[in-house]
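Protein chains: 2
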Amino acid sequence: MSDHSEAPVMPVEAYEPPYYVAVFTAVRTQDQSGFGETNARMEDLVKEIPGFLGMDHAQTPGGLGITVGYFRDADALTEWRSNVEHRAAQQRGRVQWYQSYTLHVAKVERSHGFTRAEVPQSSTAD
Amino acid sequence: MSDHSEAPVMPVEAYEPPYYVAVFTAVRTQDQSGFGETNARMEDLVKEIPGFLGMDHAQTPGGLGITVGYFRDADALTEWRSNVEHRAAQQRGRVQWYQSYTLHVAKVERSHGFTRAEVPQSSTAD
Chain P
1 MSDHSEAPVM PVEAYEPPYY VAVFTAVRTQ DQSGFGETNA RMEDLVKEIP GFLGMDHAQT
61 PGGLGITVGY FRDADALTEW RSNVEHRAAQ QRGRVQWYQS YTLHVAKVER SHGFTRAEVP
121 QSSTAD
Chain S
1 MSDHSEAPVM PVEAYEPPYY VAVFTAVRTQ DQSGFGETNA RMEDLVKEIP GFLGMDHAQT
61 PGGLGITVGY FRDADALTEW RSNVEHRAAQ QRGRVQWYQS YTLHVAKVER SHGFTRAEVP
121 QSSTAD
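Listed in order, the protein sequences are those of chains P and S. Per the UniProt record's numbering, the first sequence starts with residue 1, numbered consecutively. Per the UniProt record's numbering, the second sequence starts with residue 1, numbered consecutively.
Since the hints were derived computationally from the structure, they do not count as laboratory data. Among the clues, some could well be false.
Each pair may be met inside one copy or between any two copies, as identical chains are not told apart.
What the hints assert, rightly or not - Once the Cα atoms are required to be at most 20 Å apart in a straight line, the calculated SDA-like pairs of lysine to any residue come out as:
id : residue 1 : residue 2
1  : K47       : R87
2  : K47       : W80
3  : K47       : H86
4  : K107      : E13
5  : K107      : A74
6  : K107      : D73
7  : K47       : N83
8  : K47       : Y19
9  : K47       : R72
10 : K47       : E85
11 : K47       : H57
12 : K47       : A76
13 : K107      : E16
14 : K107      : L53
15 : K107      : A14
16 : K107      : A76
17 : K47       : A14
18 : K107      : G54
For reference, chain P alone in the conformation it holds in the complex:
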């Protein structure tokens, strides 16, 4: 039920800086039992954090996964980082789900977005 064939995928938009990104790059192990439900629970939990702005995720089959979380300020990140359920999930990730990962927490200094104009054959876009 979670394929990409129908719903349009949209990256998280460019917010007005400053805001924070948490870039999480990971390679998974073979044993992914329990990952799906924990991941879904984390996605629900993070949305409850005041200042959570959104999340982008991409996964190359058999390869690298990248998740980018966007947060309004450092307090929002601190709250997410110290969440008890999140910490338990991280611990299980190190034991079971992740072969390796890297986390980069960074303050956005500039950003911009682009959406291509749809140009039907006989009209002009401005």
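Use these hints to put chain S onto chain P, whose structure you have.
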């Protein structure tokens, strides 16, 4: 020749802050003609930028692609941003390859990496 079946995938490591990340999230159009060779050229070019630290990429089939470039300082990013070939590629991307994208440029404040210890059945790792 560029599949992921053999070579181990490793995320870019956690460098000592401060450094910069450029997070590029994109949804592609149907028309990807010429993308592969331009992308390969850009990957070669960016490696020539002094202060370029590495790049992570993940692509969900039919969905979002995320590329994260890592740079030692703002000067490295400026040099890459103002590269003439890169600018031409960006322009073509807006016209042809990308339906939408977002770029977030951010200064890393903290980072850490994790690699799971391989534990063979009858030996200990140190």
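To see whether the hints hold, each was checked on the structure:
1. K47 / R87: within (16 Å within a copy, 36 Å between copies)
2. K47 / W80: Within one copy only: 10 Å inside, 35 Å across.
3. K47 / H86: within (12 Å within a copy, 36 Å between copies)
4. K107 / E13: both (16 Å within a copy, 19 Å between copies)
5. K107 / A74: both (9 Å within a copy, 13 Å between copies)
6. K107 / D73: Cα proximity of K107 and D73: in one copy and across copies (9 Å, 14 Å).
7. K47 / N83: within (12 Å within a copy, 39 Å between copies)
8. K47 / Y19: within (16 Å within a copy, 28 Å between copies)
9. K47 / R72: Intra 12 Å, inter 32 Å, cutoff 20 Å: intra-copy only.
10. K47 / E85: Answer is within; shortest intra-copy Cα gap is 14 Å, inter-copy 40 Å.
11. K47 / H57: within (15 Å within a copy, 25 Å between copies)
12. K47 / A76: within (11 Å within a copy, 35 Å between copies)
13. K107 / E16: This pair counts as both: shortest intra-copy Cα distance 12 Å, inter-copy 15 Å.
14. K107 / L53: both (14 Å within a copy, 18 Å between copies)
15. K107 / A14: both (13 Å within a copy, 16 Å between copies)
16. K107 / A76: Classified as both; 13 Å inside a copy, 17 Å across copies.
17. K47 / A14: Within. Shortest intra-copy distance 18 Å satisfies the 20 Å Cα cut-off; inter-copy 26 Å does not.
18. K107 / G54: The answer is both: 15 Å in one copy and 19 Å across copies each meet 20 Å.
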